[in-house]
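The primary structure of each chain is shown beneath.
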Amino acid sequence: MPAAPEMRNATVVGRSFEHLVISARKGDRDAFASVVEERFDRVFRTATAMLGNEADARDIVQEAFLKAWQQLPKLRDPARFDGWFNQLLRNRCRDALRERRRSREAPFGFDDPPAPDLIGDVAGATDLEAAFERLSVDQRQILVMHHLHDMPIRDLARQLGIPLGTAKWRLHRARRALIGAMEDLP
Amino acid sequence: MNRQISNDDIKRMLRHRARHADDVALAEVLRLLAVTPQEEAGRLGGLPAIRALVLVMLLAAALIGGALLLGYWLPDPPDSTLPPDGLAYSNGCAVVSTDARAPSGETAVPETLVPRLVGGCPWPIVYDLSWSADGRFLSYSSGSGFFCGGCGSESAQQAIRDSGMWVLDTETGQRSQFQPGCTTPICSYDSVVISPDGGRLAYASAPFYWVIDIATGVTVNLGTAPRVPASAAIAWSPDSTRLALIDNSKLSVVSVDGSTRTTVFDSGTSAVRDPAWSPTGQRIAFAVSGSGGGIRTVRADGSGLVTIDPAGGSAAHPTWSPDGRRIAYVGRGPGAGSGIWVMSADGSEARALEPDCSCAISMSAPVWAPGGDYLAFVRRHSLYVAALDGSAPRLIESLQTFGGGFVWTPPAPAWRPALPGEAAE
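So the sequence lines, in the order shown, correspond to chains C and R.
The first sequence begins at 25 in our numbering and counts up by one.
The second sequence begins at 43 in our numbering and counts up by one.
The hints are simulated quantities; they were obtained by calculation from the structure and are not laboratory data.
Here the structure is a predicted model, which means the values were calculated and not measured.
Don't be surprised by glycine CBs; every beta carbon is placed ideally from N, CA and C.
Everything hinted at is true.
Okay, the calculated beta carbon distance ranges per label pair:
#	chain 1	residue 1	chain 2	residue 2	range
1	C	K98	R	T154	35 to 43 Å
2	R	T214	C	K98	45 to 53 Å
3	R	D343	C	P210	35 to 43 Å
My request is simple: use the sequences and hints to build the entire structure.
Next up, the structure:
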């Protein structure tokens, strides 16, 4: 992805991320474009890891950023943008997984193959991936933030807007759920 | 089953799941972001916006004045290599058709095809312009699920009433609206394309692809569509008997009555999109994202797969020249920069339309002029026409009403096909 870092730097130079959020909140589209460019890589990786499907992740990220643009005037504290946006992303991921489940039950066309199930649509899925697919969106997100993005628990708590102890507990529960899902695999 | 899981195991697994993210350029994903409906007066209003508007108007007036003064002293450019007219596009307030032959420095007065779109400015929500092969019918879609910022306003209500698919008969001026299966206030359809014979519209309305007969309104289900299809997920064969459809990683050819469906390409995991039939109907060009992706062509029966641009996941929008000898696309070519590339249909002789330009962001699909010697495209906020002789693209219109700085996937213009007996210039 050689072009994106240059582009991000170019757009953010001279303005802090928080200032960009403030400008975007007032309706500055270019500032919002810079916000997107600045956060895009991490957000897309998060969505891809949570959903295990690049196409779905692209849709989800698109929807989440559009939702963010629409609702940005309601964000009171620009410093809380990341936590606020993570919540939007989590909600969109939750919707996508619900829709994926529903699509398994929907009737299909004349010769359409059945929709892939939640586990099988990840090519070459390992048992661990299969187990991960059984986790809730909240559990997936906290594991992705901590293990994929190496986010310290303190930052994780701040982004999720929860106390440090709660963050530790949720991370522990997510790991336990992953292990439990592994053990339940056939 | 009793298994130990370490933190490293989890990290490895998550990195594996997110691996594609490394391969997908920002621009490639952002191109899916359509024009947002954030033109609500409340959002953009306020004193700072008014001041900025006044400033911009003053600046524009000064620039126009300067350009007119300059144009007065300069001789007219030669007109031996002028592009044809009939270039339809949405300027944010209307669908218009312009004469791209206006000399630089002069402003052509576009012909209004569809006035006062979806409630008028500032509701720039028109997509998927396409012409029938005889240049008589122009189809487009209107409406967006993202759009309801102020649903109580009159303009929003008008936009809701105008949502759906439309076909304009340019001969009679009659417009026909189609809202099949719509149960929501805003009837939104994706990838709307009129058949070359002008008889049908193909479209995606999740979770299915459909074809509707324009005369009878009868619809045919063509099978499952992605939840949010890419902007160009459908392509008609030139004889209007088959369609190329995208379903995430698959490219399929489906008969217009839905009776046959053949998967002609399946990447397995990488997203496939932007199918385009060659003018003879023998091959289909398409884009594949992810590592090992790029532009490919395949015969309509699934044989003869060729990768003609192994540029990775950054290539999109392949379009055939009218004679089928060349393909233009957006992405990175073999050289530096990004933007529109033109190559022979076998992948050789690729060259950038604008060398060393990093201009793939916010760019529509390139559209060939009927004579094959010009390309039109919308980039960021402006409509351009470029000759293939290496000269700089000509600015046709700055689409200032078209959504400010947040236009990442501008709808492509649509060049009217040459009419029978009309010489391509």
